[in-house]
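Quick mapping for you: the protein sequence lines, in order, are chains A and B. Residue 1 is where the first sequence starts when you use our numbering, and the numbers rise one by one after that. Residue 1 is where the second sequence starts when you use our numbering, and the numbers rise one by one after that.
Hints were generated in silico from the structure; no laboratory data involved. Source: prediction; values computed, not measured. From the three backbone atoms N, C-alpha and C, an ideal C-beta is built for every residue, glycine too. Careful, some of the hints might be misleading.
[As the list claims (entries may be wrong)] A partial selection of chain A residues facing chain B, derived with a Cβ cut-off under 7 Å:
hint, residue
1, Ala22
2, Ile23
3, Leu24
4, Tyr88
5, Ala120
6, Phe121
7, Glu167
8, Ala168
9, Ala253
10, Ile260
[Unchecked claim] Below 20 Å or equal to it, Euclidean Cα-Cα: the simulated SDA-like pairs (lysine to any residue) are:
hint, chain 1, residue 1, chain 2, residue 2
11, B, Lys199, B, Glu174
12, A, Lys176, B, Lys11
13, A, Lys7, B, Lys11
Okay, here's what each chain looks like letter by letter:
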Amino acid sequence: MRKIEEKIFKGLMIAASGIIVAILFYILFVIISRGLSSMSWEMLTHIPSGGFYLGKEGGILNAILGSLFLILGSVLLSMVISIPVVMYINFILRKNSRFANTARFAFDILFGIPSIVYGAFGFMLMIFLGINASLLGGIITVALLIIPIMMRSIDEVAAYVPRDLIEATQSLGATKYETIKVIIRQLIPGITTAILLSVGRGIGDAATVLFTAGYTDSIPTSLLQPAATLPLAIFFQLSSPIEEVQNRAYAAALILTVIILILSFSARYFSSKLSKSKL
Amino acid sequence: MNDKLRVRLIKNMVARHYMLCLTVFCLLIMFIIGTGLLIKSLPVLKEKGIWELLTTSNWRPFKGDFGFLSFILSTLYVTLIAILIAVPLSVLSSIYLSEYATRNVKRIFSPVVDLLSGIPPVIYGVWGTLTIVPLISEKIAPHFVDFSTGYSVLAGGVVLAIMIIPLIISILTEVFNSISRELREASLSLGATKWETVKKVILRKSLPGIIAAVVLAVSRAFGETIAVLMVCGNFTEIPQSIFDSCYPLPALIANNYGEMMSLPNYEAALMFSALLLFSIIVLFNAGSRLMLYQINRRYQL
């Protein structure tokens, strides 16, 4: 009896794991095969021309570049905020300080807040500041979304910085600020992983940019112009009744998926390097 | 004190204060978001009262009727289906991974979980409309109801289930790992089989962790927007069966944002739904995170 029960459950466990792996491959297969059939060089290198949304020629270069500009801006903004915060709670405050733990708790909660709430809040903030839907609005909102991700993942590696290193720097007479500069240099692989994770999350998120970044057929040339983004390009074109336009949504989905795959594998590569060097 | 030292000390002071300010600011963000949403939704709250907003289902923005019941129920149904599908799958496979799987299997599985959690919602949406929606309308629904477009509660639930699986697995793996080796070995040495150890020791010990993981997954499912928007059909009626279309709260916000400015109280009503999501999710997250901290602390000692 005991043996049979164990066998049944082990079978179920293997089946469950198998199903999960199969789902991933099925998703990738559907997106890639559907996307490849409508993929073209023009999609990558042209902006939409007249009649694009009726199925005429053009590409989604506007959305690709828009997404890149947007993510570049928000990653920079969130680095400027999250790296100092992580350094502060790890290296200036005492170990196990109540304030640091409260901060970690707050970041864990912020991490769980859905992107649509950030989107709504970002929009509110923009009205308050008098900014229209623009690259800048999108950058601020996406930064709000990825700051918790970045903080949590840098915080995780910061715990492994050898105490000896900190003590050695300080015994040489360095100030805390100078010590932190040394630590940051040590943390570069960890920070890189954190950046890749945040880029992956930020570049694919549609709900944050839906109201804040706007949408345009041209390539933005200033922070105050609206910017098209890949997830929205997929979303809008898929809801079109015209088949050619829908096909472009599949091609755009393929582009986004390839970007995510590259980011995910490079993040893995950097974090494996990190665990090897035992930092 | 020479000048060089003074400069270094000043730099140190400035950096310290900059870091402190940023940390405090980040702690305040949550309150700023909450207060902002509350202030913006006050007009509609004052006019209708929270009870009427939550328990009526008349949604006629042009007449000033804002009843959220059908959206709230849609969200609950979709989430319930997602949890029913995702929890058994993820619990079974995380037990397998932490107790049975060889190192090689783990090595294959961990990038799979990473990738599943990395795929953007909009891609899940595309996949859902290409596969799940036609599957439901052509193969599954005809056995049960006369007609279904496939854009339905069930489609939303299935897509959401896949989206929350990686979250549950990653938390559960941590929870199972936190159970000490001695406990397992004690059970095995008393003659229990591996499965009995799993069932009577590991699952029982990690029950709080499993609950915390499920609560986190529920709150993730509550807030998911674009994927759900793309496969649920967005129809403002209380769904009668899982093959009916539905209209979860986040989809409501996303769909109506642009046009909301002209109607009185419309913006306030949408902000109220954001506030609703925000408060429930913050509450759920706070509860389950505290639970997970406790688990970690107990086993680290």
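Structure versus earlier hints - violations, ascending order: 1, 7, 8 and 13
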